[in-house]
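J.: For reference, the chains in residue letters:
2 protein chains.
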Amino acid sequence: MRFQLAILLLISFNANAQAEDGYDLWLRYQPISDQALLRDYRDAVSAVLVEGQSATLSAAREELRMALGGLLGRDVPLVEVVEAAVKDRLLVAGTSAPGGLIASLNLANDLKAVGEEGFLIRSMKIGGKRRVVIAANKDIGVLHGVFQFLRLLQTHQPIGSLSIVTAPRIRHRVLDHWDNLDGTVERGYAGFSLWDWHKLPDYLPPRYKDYARANASIGINGTVLTNVNANAVSLTPEYLKKAAALAEVFRPYGIRVYLTARFSAPIEIGNLKTADPLDPGVAAWWKEKADEIYRYIPDFGGFLVKANSEGQPGPQQYGRSHADGANLLADALSPHGGIVMWRAFVYDDKVPDDRAKQAYNEFKPLDGSFRPNVLVQVKNGPIDFQPREPFHPLFGAMPATPLMMEFQITQEYLGFATHLVYLAPLFKETLDSDTFAKGPGSRVARVIDGSLHGHQLTAIAGVANTGSDRNWCGSVFAQSNWYAFGRLAWDHTLSAEAIAGEWIRMTFSNDPLLVEKVSSIMMASREVAVDYMTPLGLHHLMARDHHYGPGPWVSGGPRADWTSVYYHRADSNAVGFDRSASGSNAVGQYFPPVAQLFGSLEKCPEKYLLWFHHVKWDHRMQSGRTLWEELCRGYQRGVSAVRAMQASWRSLRGRVDAERYEQIDAFLRIQESEARWWRDACILYFQTFSKKDIPKEVDPPSETLDYFRSVVKRYVPGTARPIR
Amino acid sequence: MRFQLAILLLISFNANAQAEDGYDLWLRYQPISDQALLRDYRDAVSAVLVEGQSATLSAAREELRMALGGLLGRDVPLVEVVEAAVKDRLLVAGTSAPGGLIASLNLANDLKAVGEEGFLIRSMKIGGKRRVVIAANKDIGVLHGVFQFLRLLQTHQPIGSLSIVTAPRIRHRVLDHWDNLDGTVERGYAGFSLWDWHKLPDYLPPRYKDYARANASIGINGTVLTNVNANAVSLTPEYLKKAAALAEVFRPYGIRVYLTARFSAPIEIGNLKTADPLDPGVAAWWKEKADEIYRYIPDFGGFLVKANSEGQPGPQQYGRSHADGANLLADALSPHGGIVMWRAFVYDDKVPDDRAKQAYNEFKPLDGSFRPNVLVQVKNGPIDFQPREPFHPLFGAMPATPLMMEFQITQEYLGFATHLVYLAPLFKETLDSDTFAKGPGSRVARVIDGSLHGHQLTAIAGVANTGSDRNWCGSVFAQSNWYAFGRLAWDHTLSAEAIAGEWIRMTFSNDPLLVEKVSSIMMASREVAVDYMTPLGLHHLMARDHHYGPGPWVSGGPRADWTSVYYHRADSNAVGFDRSASGSNAVGQYFPPVAQLFGSLEKCPEKYLLWFHHVKWDHRMQSGRTLWEELCRGYQRGVSAVRAMQASWRSLRGRVDAERYEQIDAFLRIQESEARWWRDACILYFQTFSKKDIPKEVDPPSETLDYFRSVVKRYVPGTARPIR
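As they're listed, the protein sequences go chains A and B. For the first sequence, the positions run 1 to 724 when the numbering used here is used. For the second sequence, the positions run 1 to 724 when the numbering used here is used.
Looking at chain A on its own, in the form it has when it is part of the complex (with noise of 0.2 Å):
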């Protein structure tokens, strides 16, 4: 009666205890279900020994404790060395310092290829005593470790013989925090910033130390905390001493606080009366502020810098170039270790080029210019992170300059916060791209990750998709993108797929249905957003300012390459940006094999066509169908998959827990309901200039084109605004 009673109440509780809002993001410790698992489970770790009192490594005890506890439904005793040796079915976590049970454990040879981050992870019998081995040559890769062996357990993966040894194959990885001082966060749609600067530094609320760990499990080791629209303010005493706070929170967890330098602060917070890189009080003044910036957080990992981009000031205005003003900040850094991150997202729309061309030929000249604690941060493509870009034309085109790559995990051009869009099959799309730079398997990813140039500085950076809401991205399935983003910073030869089954798992559970549908879902979706958005390489439609729906017609305003009409061009004949031979010639930026595959129309994939050539709507595709007939039935298929998702998801009712069921639903049917808006004032605003019939199979417009392009939506989340 008793035991019923206790039974009962633990039931109760344990529903209790299912209730989910997202904020335990993938670093769930539910209960295992599977029994048989559970057993092994239980029986392989029977005791855990985390060697050292570091901080890292008790933040490593600390993450042991609380997840054996919620995994195994126990609570798995942490022993001491003394005890350890004697202990069978042992845990053991440590590095080779003297003194401890891995020291004796002659791992040092094999340790030699994990490097300062990674770790090994090891079943191994010790005078007939079996023990799980996390090594790592530093406290840190300690922590990787024991994340990724709690990994095994969330995703059921068998843990018997273990043989495990991984390095992160680039060395910065970094998230990129576009937040501003004011809270407000430029693109970000998952509320405000997370920084809560007003009550920096006295008041670190246990989120801090829950960002810092969702980060370590993936290995994310830096977080730039300010908006590339860079406000000087961050740079002062005050502020200072708020990011130091932040940076004592992450310190444990491996993560290195970085901050965007305003090119204009020696003026605006020093009050010289010149930002000239060239200029020796300039020069006096940033090594001063870099030095008093490491007294205040003495491992700050550097700058990232837009300058001369989009209204941000910069070395141009002096008449100097990229490298002066990166040289400059890198100057000032190297004494402390710190580097430049000096953005390549530069167009200018006096200019008379295509803006899909300037960067390269603004920086390109510049090869090998830069010290060597700068790298060039480069877009993933040559535009601005739309559904689809093809690769940035300077990836393997500045071979003696160490670039890194900058993708978007936040979904300005992908729908915000509500668009199911899984980003890792974009992610992969880029790094598996092949430049050609020095034959074939020149890939993106060998670019970034120093390989194929022969540079030990490398680092990628993930434009950030967090915020205070509770789940962190406004979304459950946003949190698979920071999740994924994470993975290949760490491992960019992972699939897409294997990331998306390790979240879902950790995120959801080990249901092989749910699984394998959700699965299906994540790996389709960004197909589907490029389907229902900009289909057939067409891109940058979106509507002005806010970019929340579509807006092919935007045309006008203060520059012509923020109108959507510059990347269309449609006219009564055909559309399409021609950047072939015939055209802009950004083709001839690429490498010849890309160049002449790209410039080719008959050859150029379908799904770059509109990017790289103004064709016909009557062009015949190689389904047979026109280029009209295509684009629309791209659409439609887009919107058709977002019911088939919204399906889908209704089928695995009762296999996720109700709050974010729910709210996935609702997104769902917002996803759609949208898909629809682009879908129909797309083509209707195409249709005004292929004169052409929508084809049967596309469901017909709810609303005419007049109404669409009347649409006003005011106070969207994340429009950019001026600093004030």
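The list treats identical chains as interchangeable, and a pair is accepted whether it falls inside one copy or across any two copies.
In silico lysine-lysine, DSSO-like type, Cα no more than 27 Å apart, as pairs:
#1 Lys273 x Lys713
#2 Lys364 x Lys350
#3 Lys364 x Lys438
#4 Lys241 x Lys713
#5 Lys87 x Lys125
#6 Lys696 x Lys616
#7 Lys438 x Lys607
#8 Lys241 x Lys209
Worth flagging that the hints you see were computed from the coordinates, not collected in a lab.
The hints should help you fit chain B onto chain A, whose structure is shown.
T.: This is chain B only, laid out in the frame that chain A set:
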């Protein structure tokens, strides 16, 4: 062994259940810790019957299920009427709707006293069967009664012989959210807006329902969704749909939705050329607009209006009166039963009279000229929510017009979200103030509950302190002010201490030492804040614009009545605003006994001294010390009191869950630091006038006056900004 395992698991889940982040507010349903009480409660409530299937009664049923499950540590069976008749020790809740158990209890007479929203709770024995009966005339009364009953359990009250009969004393009990459509909250320190307009109406997170539950639990029945600095866009169909979705969530909880009406809306969204209230086209526009609103929201509450105040448009720009403006809107709403709450918060720096007099001068002549569905909304005092103000002279001065109270719950002038300041003493001070409008006993509370002048239409508003922060209010103790406002709105005769006791027991625990210490902290805290900010009747000394920190030197700028010098008038002889007959004669706006008391230098209560008098630094106070000494000691007393609060709080370590304990501890550190900032800045500044030494009992200032004057705070939360 299995039992021990089960208990262990139980404890570990219990431990997890103890992690508290403040989200549950005072609606925590933790297991009753007192074993004897637990037995009594379980004994008294062995089954529950809620009669009826309406949304409101379903909400009541759900609340009981969740709460009793948590409090009693076990699920209490919900029964149907047919089983109920034979059940002993039944909790039954319902109205006298025919066919139910309640109907059979002949409570109709008793229920006459409880009106539309009230309830009775009675322990009864019927045919040998014990019943706890919660009965009401309407479903919403039942819900209110259920929350009251649960409060008894949460606060460990005996429930053996209950006889509660209660109805709210004020009809409309409203939260005013100064939320903007872009998500910012004016004078909000709890994150950003609760309303995710971008995802409304499609997505309704659980938070909206929990907001409704929290309000229903304290009897709040109205919510104004938008800022008094209004935005006409909120009245457009796109936003009415969103508001309607919120109204639908709130409706079962008895909460009606209101909106702020921008007076120039006919021009801004109606494309009219004028907003003149006497223009027939304008009247027609508002009538149609009201009709439209009620199509979306059939039980829309009405409009809250700020007009001709701080730049907001209004009737006066057309040479019309506040009554003309209010009546325009009132006529549009009255066919639908809506009301207008027209704010009396007016002051014009071009009017050469004491700001404290202007609202009275502008509104008293209009007494009796408002439509029956208009209330004039009056702030508690004649300036603007200062830490202490005498009651507003309009109270009692407009017998022919329903006046309503506007309190400020958000701590715009009382330390934002980090200072622990319990406001019920401030609310009570105003409510209990005797206006002498009809002789002694003409308390402000009787003005606003309609009993003094015989008004049926009554209301009270609180400027909300809620936002998107996980704990709703920015800090745990700020929650107590939302709670207290609701309790006083229902019954202004409750004492501040009794309300604090309820709140502490519900929010923390019934641990007697904790209750006593926290109650002491809370009850003293308002006076503590007055002491370290604005003792002895000083007011409006805060920093310009953002109001963060002290700024007694604030002078110049666009308006004299936005400076500090305007209010303290410090000179080499004296300090304070002469509002006596020899000065602005603001005292003359009060009824004679009050005017005489305030107007006499000798008799004026010292807490109001510098509000009403310009007093020599040498003036002998009741203590025998000079004004200067008393002023300095006041500031020091405040700082010392905060330190005592810190020590008292720290003595409670272990009696409060870690997360909330640490947050409160961190905030008390901030409060102590800011209290010193106020003290030092103000004493140093006033010393430049008094030219006297700082008494030795006062800590020497930490910095110079020049330092304090040079402090610039940026990006302060809640700062008012123009509509964009």
